[in-house]
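2 protein chains.
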Amino acid sequence: MIQVAIMGHGTVGSGVYAVFEMNAREISRAVGQPVEVKYVLDLRDFSSLPYADKFITDFSVIENDPEVTVVAEVMGGVGAAYEFTKRCLKAGKSVCTSNKELVATHGEELLALAKAHNVNYLFEASVGGGIPVIRPMMQCLAANRIDEICGILNGTTNYILSEMIHKGVSFEDALKQAQALGYAENDPTADIEGHDACRKICILSDLAFGDKIDPNEVSCQGISKITLKDVALADELGYVIKLIGRAKRAENGKIYAFVAPHLVAKSSPLAAVEEVFNGIMVTGNAVGEVMFYGQGAGKLATASAVVADMMDAIAHADKRRPVEWGDGSEKLLLPLDALESAWYVPGEAPEAIVDRKIDGAVITKPMTANALHEAVGEAAGAMRVL
Amino acid sequence: MIQVAIMGHGTVGSGVYAVFEMNAREISRAVGQPVEVKYVLDLRDFSSLPYADKFITDFSVIENDPEVTVVAEVMGGVGAAYEFTKRCLKAGKSVCTSNKELVATHGEELLALAKAHNVNYLFEASVGGGIPVIRPMMQCLAANRIDEICGILNGTTNYILSEMIHKGVSFEDALKQAQALGYAENDPTADIEGHDACRKICILSDLAFGDKIDPNEVSCQGISKITLKDVALADELGYVIKLIGRAKRAENGKIYAFVAPHLVAKSSPLAAVEEVFNGIMVTGNAVGEVMFYGQGAGKLATASAVVADMMDAIAHADKRRPVEWGDGSEKLLLPLDALESAWYVPGEAPEAIVDRKIDGAVITKPMTANALHEAVGEAAGAMRVL
Numbered sequence: 230m231i232q233v234a235i236m237g238h239g240t241v242g243s244g245v246y247a248v249f250e251m252n253a254r255e256i257s258r259a260v261g262q263p264v265e266v267k268y269v270l271d272l273r274d275f276s277s278l279p280y281a282d283k284f285i286t287d288f289s290v291i292e293n294d295p296e297v298t299v300v301a302e303v304m305g306g307v308g309a310a311y312e313f314t315k316r317c318l319k320a321g322k323s324v325c326t327s328n329k330e331l332v333a334t335h336g337e338e339l340l341a342l343a344k345a346h347n348v349n350y351l352f353e354a355s356v357g358g359g360i361p362v363i364r365p366m367m368q369c370l371a372a373n374r375i376d377e378i379c380g381i382l383n384g385t386t387n388y389i390l391s392e393m394i395h396k397g398v399s400f401e402d403a404l405k406q407a408q409a410l411g412y413a414e415n416d417p418t419a420d421i422e423g424h425d426a427c428r429k430i431c432i433l434s435d436l437a438f439g440d441k442i443d444p445n446e447v448s449c450q451g452i453s454k455i456t457l458k459d460v461a462l463a464d465e466l467g468y469v470i471k472l473i474g475r476a477k478r479a480e481n482g483k484i485y486a487f488v489a490p491h492l493v494a495k496s497s498p499l500a501a502v503e504e505v506f507n508g509i510m511v512t513g514n515a516v517g518e519v520m521f522y523g524q525g526a527g528k529l530a531t532a533s534a535v536v537a538d539m540m541d542a543i544a545h546a547d548k549r550r551p552v553e554w555g556d557g558s559e560k561l562l563l564p565l566d567a568l569e570s571a572w573y574v575p576g577e578a579p580e581a582i583v584d585r586k587i588d589g590a591v592i593t594k595p596m597t598a599n600a601l602h603e604a605v606g607e608a609a610g611a612m613r614v615l
Numbered sequence: 230m231i232q233v234a235i236m237g238h239g240t241v242g243s244g245v246y247a248v249f250e251m252n253a254r255e256i257s258r259a260v261g262q263p264v265e266v267k268y269v270l271d272l273r274d275f276s277s278l279p280y281a282d283k284f285i286t287d288f289s290v291i292e293n294d295p296e297v298t299v300v301a302e303v304m305g306g307v308g309a310a311y312e313f314t315k316r317c318l319k320a321g322k323s324v325c326t327s328n329k330e331l332v333a334t335h336g337e338e339l340l341a342l343a344k345a346h347n348v349n350y351l352f353e354a355s356v357g358g359g360i361p362v363i364r365p366m367m368q369c370l371a372a373n374r375i376d377e378i379c380g381i382l383n384g385t386t387n388y389i390l391s392e393m394i395h396k397g398v399s400f401e402d403a404l405k406q407a408q409a410l411g412y413a414e415n416d417p418t419a420d421i422e423g424h425d426a427c428r429k430i431c432i433l434s435d436l437a438f439g440d441k442i443d444p445n446e447v448s449c450q451g452i453s454k455i456t457l458k459d460v461a462l463a464d465e466l467g468y469v470i471k472l473i474g475r476a477k478r479a480e481n482g483k484i485y486a487f488v489a490p491h492l493v494a495k496s497s498p499l500a501a502v503e504e505v506f507n508g509i510m511v512t513g514n515a516v517g518e519v520m521f522y523g524q525g526a527g528k529l530a531t532a533s534a535v536v537a538d539m540m541d542a543i544a545h546a547d548k549r550r551p552v553e554w555g556d557g558s559e560k561l562l563l564p565l566d567a568l569e570s571a572w573y574v575p576g577e578a579p580e581a582i583v584d585r586k587i588d589g590a591v592i593t594k595p596m597t598a599n600a601l602h603e604a605v606g607e608a609a610g611a612m613r614v615l
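The listed protein sequences correspond, in order, to chains U and Z.
Residues 230 to 615, numbered by the working numbering, are exactly what the first sequence covers, in order.
Residues 230 to 615, numbered by the working numbering, are exactly what the second sequence covers, in order.
If we strip away everything but chain U, and leave its shape as in the complex, we get (with noise of 0.2 Å):
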């Protein structure tokens, strides 16, 4: 019998316990033996839950116990999250984890210190839920030098996008249906300005070119200026509007990444990806093009991912993955100014730089944002064409 707990016990948290619930004969048939909660860790009152004798309110409880070798955390933030991630790794505690801030914020950090203590620290529900991605990409494409990550990483504004492309709906009440449906925050900044998506392909750039991408210095565009008239010249010219993170390699070994909305051929698998669905498209030299697919959000679906990482964990207790990355120091991430695209300008362009027009919008021929600029002026609402 393997012991594990819980730190959290919000929609993910209640999702871990749901599925160690739901799929007890399918883990421990994979794991050799059952695998227990014996905590959850969290201040609020479950006392009307069946498992309520689980919850603790004291988190040394979990550190000082040495039958507990493997915890979720599941609470989010960058506050308690991070401290107690810290205290278990030192403990000896592997740890898993959905919380993608705390992953992008002092990954390099808790990745060090888990090597430390001989333990691991994994993360694969940080990006894209519960949609396989940093495991296949660090094992299964291991053979490849990644050229460029390119996803669709945040449901929510898919979401609104889908809603204003295939109904007509403007951004802001596609927002409200998100916000009514749970899909959206009361405050929905992270979603909509991008920051969630910019924290999301920092982790992804981390670990495909192994230095930290500090989502602090990566180019952040939302989609809140994105309107109705957009999404109809979009379509005329053959494209979706996507917001898209974006990590690509230069040729001198530094990396562009950025999050911004995006026109997306229709033909490409990533406009195919509709609503709350997250797709990540991962390029390697030898492999060409990958793409990962499925929900990027969810209790149960984000859950699984955690329970899988803690399953590895288990598995892996006397011999730690070996992931980890640089803190920075190499400077990998580019200004954008000089990655060039071909770019939708709404309303007209100098005849030189048109590769294409319809009434209302350009498409431009490859040039970079300085050049654009010079070329048509502030250039407001242009965006790349992936």
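Source of the hints: derived by calculation from the structure; they are not laboratory data.
Every value quoted in this text rests on a predicted model; they were computed, and no experiment measured them.
Each hint should be verified, as a subset may be incorrect.
The list makes no distinction among identical chains, and a pair is therefore deemed to hold if it is satisfied within one copy or across any two copies.
To be verified - Distance condition first, Cα-Cα at most 30 Å in a straight line; then the derived DSSO-like pairs of lysine-lysine:
hint, residue 1, residue 2
1, 548, 594
2, 483, 528
3, 315, 528
4, 586, 319
5, 548, 319
6, 405, 483
7, 483, 560
Position chain Z relative to chain U; hints supplied.
Relative to chain U, chain Z alone:
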């Protein structure tokens, strides 16, 4: 320095060598030391290659060299490949392969042999070429009960269908194009009759359901009878025709497994899998639907998956991955007759079974194949709707 061997220098084998060359730096960094290909086993004359000195024709050189701990079997077939794989495993060498026929036919025996000798037998490249699917399904979805696998598993047939759908090319002409482009063999039977897809869905079923599914017992229908008229009628109904390998858990824990052309709704992500690409959708009871997409074949793509397995075998030299399945004695396979589907029927059908109809075809209500035959007779050209 780790030393490895490659058995077979065809398309995939030469790709394996090429990946070790082109990505030596990435591979060395991930493994922690350089990896050198010591031998390439092939009976043909490659004396003009820059690495001609690596070639050997006598398998026992590999078998008897204790320095070689990991071997790629990329010969194909179930003759010498089977024999050499067994001898490698018995000699304490891990084997990594793209040989779907061998895995589907003798996988359980080879995995048991690997277990007995505490080495790995890995075969990520046997399904989906370079697309990560086996490892993500087994590891990232480990906390799920797998309920369905449903995939476009053969690039040749998907290319032919894409040409029929988008360019109105007949089956015969599309097949000729595929042969001219090197996507199809001179004898295309294994692809177009679905045998290749059948081996792959059997391997995925073996893994997901834990007992051998014999390719010879799996119903397997190809695409050679699909007409441009079917394609046009499906289009009018809102579908595309795709060759689908499917395995579905029934309520009693048994499974349905089969290969057949299906009508796939245009809104499904599988409908967006075009040309020679593959897409494999896996449904878990916690994660919902996830899809893995990419090039399902191709020299470097497939080779990169073999090399990643070799890197994994090196990393797990002292701790084998616990992959195994039973010998088929659980008899999991259900007769297909009991599986209800909506059906596409060219022509007419009695009103009682019709769900939708257009001029020239109907979509039925969900029903078994037997019920369909009772209602419309032989129903030549009927296809299930996914």
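Here is what the structure says about each hint:
| no. | hint | verdict |
| --- | --- | --- |
| 1 | 548 to 594 | neither (51 Å within a copy, 53 Å between copies) |
| 2 | 483 to 528 | between (37 Å within a copy, 28 Å between copies) |
| 3 | 315 to 528 | within (25 Å within a copy, 45 Å between copies) |
| 4 | 586 to 319 | neither (60 Å within a copy, 66 Å between copies) |
| 5 | 548 to 319 | both (17 Å within a copy, 25 Å between copies) |
| 6 | 405 to 483 | neither (40 Å within a copy, 44 Å between copies) |
| 7 | 483 to 560 | within (8 Å within a copy, 54 Å between copies) |
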